[in-house]
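Construct the entire structure; sequences and hints are all you get.
When the letters of the sequence shown are read in order and numbered with this note's numbering, they come out as residues 556 to 816.
Honestly, the hints are just simulated from the structure, not real lab data. Honestly, I wouldn't trust all of these hints.
Taking lysine to aspartate or glutamate pairs in the EDC-like style, the calculated list, with each CA pair at most 16 Å apart, reads [said to hold, decoys possible]: (1) K803 <-> D682; (2) K792 <-> E727; (3) K698 <-> D802; (4) K709 <-> D795; (5) K736 <-> D583.
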Amino acid sequence: MLKKFFRRHCVVAKILPNFEAVLFIDADIGVVNPKRRIEEYMDSNFDVVFYDRFYNWEITAGSYIVRNTSFAVKFLENFAKFETRLPESFHGTDNGGLHLYVAEVLYPSHPRIKKCEQVYQRSANYDDLFSFEACIRSILGPKTDFDRIRIMHKGTGWSRDNWLTNSLWNAERDFMIHGWKTNQYLRTPMDPGIIESSRGAWYNPLVGPIMLEKCSPSNSSWDYDPRLITPTSRIKKKLDDFEREIDKSQILSLARISKFL
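Given below as structure tokens:
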């Protein structure tokens with residue numbers, strides 16, 4: 556079970572030399588707005604682009620963009636090998652390991668990395684794991700651009716969690732949505748509202764049957780459910796309010812690391 560999480564990054568490293576760039580995405584991420592382009596998030600100054608998960612302070616391991624460069628290939632190969640370094644603790648598989656790996660790549664001699672690693676080695680649950688990640692993020696700081704690596708601020712990447720706005724979206728700001736699992740799909744209510752019903756449930760943004768024979772790059776005339784389209788101002792307020800609460804939680808989570816040292 557564990558190997559598959561790191562093996563997927565090894566696969567990307569192997570196929571990357573055959574392409575100009577590769578967008579890696581989790582299986583439950585889908586395009587909601589085909590008029591956006593992934594090129595909007597690519598920059599020739601950066602070989603690897605991540606984005607922050609919105610509901611906490613994690614770097615998302617489930618989706619990234621890599622350009623065909625020797626740096627990106629080596630970065631992914633070494634990340635895949637990080638499986639052998641996972642501690643005998645609640646380590647969070649590749650998402651947890653990514654944080655220590657990125658910190659070592661960017662700041663190999665930083666004295667606080669070892670302290671963060673102590674937290675990681677003693678992690679017993681999600682609270683401990685998030686404290687370790689808060690420790691790493693305190694090293695990285697608020698900046699987004701690090702030499703050949705970019706970590707986009709939460710809410711500015713190409714995908715976001717569906718439940719944050721209870722499946723409501725807007726074409727002016729949204730491109731891809733994360734969290735579309737078949738077993739968590741629900742029938743859309745008449746007035747879904749923007750407050751999440753759960754962190755797993757989602758509603759289909761499309762109406763009518765999906766005709767695969769019409770799926771092509773030239774066809775962007777998708778039929779959307781109007782009940783799930785909402786003004787960008789409404790989405791922004793919901794996400795801004797949520798981000799403020801996450802910032803407070805990150806500070807409290809970082810304060811917990813003293814119990815491990």
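Pair hint outcome, K792 versus E727 [Cα-Cα no greater than 16 Å]: Answer holds: K792 to E727 is near 15 Å, not above 16 Å.
K698 and D802 were given as a pair; does the straight-line alpha-carbon distance stay at or below 16 Å? Holds - the C-alpha atoms of D802 and K698 are around 15 Å apart, at most 16 Å.
Holds or violated: K803 to D682, with C-alpha atoms at most 16 Å apart: Holds, at roughly 14 Å.
Going straight from one Cα to the other, do K736 and D583 come out at no more than 16 Å? holds, 6 Å
Holds or violated: K709 with D795, Cα cutoff 16 Å? holds, 10 Å
Comparing the model with each numbered hint stated earlier shows that all of them hold.
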